[in-house]
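Undergrad: For the protein sequence lines, the chains are A, B and C, in the order given.
All residue numbers for the first sequence refer to my numbering, where the first residue is 49 and numbers rise by one.
All residue numbers for the second sequence refer to my numbering, where the first residue is 49 and numbers rise by one.
All residue numbers for the third sequence refer to my numbering, where the first residue is 49 and numbers rise by one.
Simulated from the structure, these hints should not be mistaken for laboratory data.
Please note that a few of the clues may not be correct.
The list cannot tell twin chains apart, which means a pair is met if one copy fits it or any two copies do.
Result set (EDC-like, lysine to aspartate or glutamate): computed pairs, CA atoms no more than 16 Å apart in a straight line [what the hints assert, rightly or not]:
hint, residue 1, residue 2
1, K107, E68
2, K172, E112
3, K66, D192
4, K172, E108
5, K66, D134
6, K66, D92
7, K172, E51
8, K196, D134
9, K172, E184
10, K172, E68
Source: prediction; values computed, not measured.
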Amino acid sequence: MAEAPTAAELRELVESRKIERVLFDYAHNLDTNHPDEMTNLFCDDCEVTYAPNFGASGKEAYRETLNGIGSYFSATTHHVSNIVIDFVDENTAQVRSVLMAIHRYQRERPDGWMFGQYHDTMVKGENGNWRFKRRELRTTMGIDYHVKTSHPLGRAE
Amino acid sequence: MAEAPTAAELRELVESRKIERVLFDYAHNLDTNHPDEMTNLFCDDCEVTYAPNFGASGKEAYRETLNGIGSYFSATTHHVSNIVIDFVDENTAQVRSVLMAIHRYQRERPDGWMFGQYHDTMVKGENGNWRFKRRELRTTMGIDYHVKTSHPLGRAE
Amino acid sequence: MAEAPTAAELRELVESRKIERVLFDYAHNLDTNHPDEMTNLFCDDCEVTYAPNFGASGKEAYRETLNGIGSYFSATTHHVSNIVIDFVDENTAQVRSVLMAIHRYQRERPDGWMFGQYHDTMVKGENGNWRFKRRELRTTMGIDYHVKTSHPLGRAE
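Just need the whole structure built from these sequences, with the hints factored in.
TA: Here it is, written out as structure tokens:
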């Protein structure tokens, strides 16, 4: 006879699904060019780093980094999988996920492919919504990708 | 102390997993060329639209559209991620997912890559099984893909 | 009013998430070149088969097959999705998932792309951890991939 999970185990399941949805909504709003909706997924005091010297401190500064997505890309597609969630406490979670992102540029140049991992700190606000407190992108490999610097994945030698 | 989820929250978790499985079984039966098993994942009165003038009304008509998958493709691989589920009521759900599909053709031509989103309406039958009531494919971008028309993703200008 | 799931349904949800994490940790430890951590995800008496004559019987033999990942590849990225889990009993599950794996080689040669499915038998140990009892990789298609033999996906003619 299967033993019933505890309330804490079940709560983590429910919250995990909510956290995953924030990751998916980020990708969706990026691919449909809705920078304001993307920004609303971040905390006021968020830290975002996509590469050395490419990121932002705080929601307002982050919003500024998104100004180019409409004019620079004609299409993007972000595929997020392999999501692993560790709860630090009831309102904080560390999240690792794997990304494939393909970028079609407005300029005439080959599509840019990017493979990497997101390492996120998510926090739950008083309204029950999970938001990005910190988002770090680590790069596994790229093909014709326009961003030439990166945080390494940390592959062992 | 974690608060236990409600019965409704837990029921949605259980049903969400069942819904995801239908999406994955669709991909599996497509990639293994089992059109009858694919068709059984749809309601009798389903509406399917892959592109303007490419789709079907009703299960029987849908089955007809699948006749070519064995002879036209030598292999396909469908990768479904970023699944977001909204329950309209206990027996109806709106589902958004992200797709990468690669097609290897029987004819000598380059592999066709397709990136997009499925927007599905799923309904739960009296037997407890979830089925596609409506499946719409929106296209983000393609590479050497044989279908030249598409429903747009809806990327903002 | 939503009916509460049974203890058995909820237990499967909790265990399913644990099983998915093992699949994701396998990919993570492979992509970050941590063969010992990969090996620890397998049972002592595991059976692993990636292709005919490419696999291992037992954890020690499996560890040997991983010796090359640091020297042969400069980077790899494993994207696992479409996960379907069937519980055989409380401590055994059959798992099917879809894989896209891209390999960048130390040698000068094009990246090797591999698309396929994992078919896994997972067992739960006395410590509550799920481990691979059997892992079989089936190949849908490849592009410039270095392994030239494969277990077929089983696409119907």
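Undergrad: Give a verdict on every hint.
TA: Hint check:
1. Within a single copy, K107 and E68 get their C-alpha atoms no closer than 20 Å, and across copies no closer than 33 Å, so neither meets the 16 Å cut-off.
2. In this assembly of identical chains, the alpha carbons of K172 and E112 never lie at most 16 Å apart, being 24 Å within a copy and 44 Å across copies at closest.
3. Taking the closest pair of Cα atoms, K66 and D192 never come within 16 Å of each other, the shortest separation being 34 Å inside a single copy and 36 Å across copies.
4. Taking the shortest alpha-carbon separations for K172 and E108, neither the intra-copy value of 20 Å nor the inter-copy value of 43 Å comes in at or below 16 Å.
5. Taking the shortest Cα distances, K66 and D134 sit within 16 Å of each other both inside one copy (14 Å) and across copies (12 Å).
6. In this homomeric assembly, K66 and D92 never come within 16 Å of each other (Cα to Cα): the closest approach is 19 Å inside a single copy and 33 Å across copies.
7. Taking the shortest Cα distances, K172 and E51 sit within 16 Å of each other only across copies (14 Å), while inside one copy they are farther apart (29 Å).
8. When the C-alpha separation of K196 and D134 is checked against a cutoff of 16 Å, the pair qualifies neither within a copy, at 31 Å, nor between copies, at 38 Å.
9. Taking identical chains as interchangeable, the C-alpha atoms of K172 and E184 are never at most 16 Å apart, the minima being 18 Å within one chain and 33 Å between chains.
10. Only within a single protomer do K172 and E68 lie at most 16 Å apart by alpha-carbon distance; the minimum there is 13 Å, versus 24 Å between protomers.
The structure fails hints 1, 2, 3, 4, 6, 8 and 9 (numbered hints given earlier, in ascending order).
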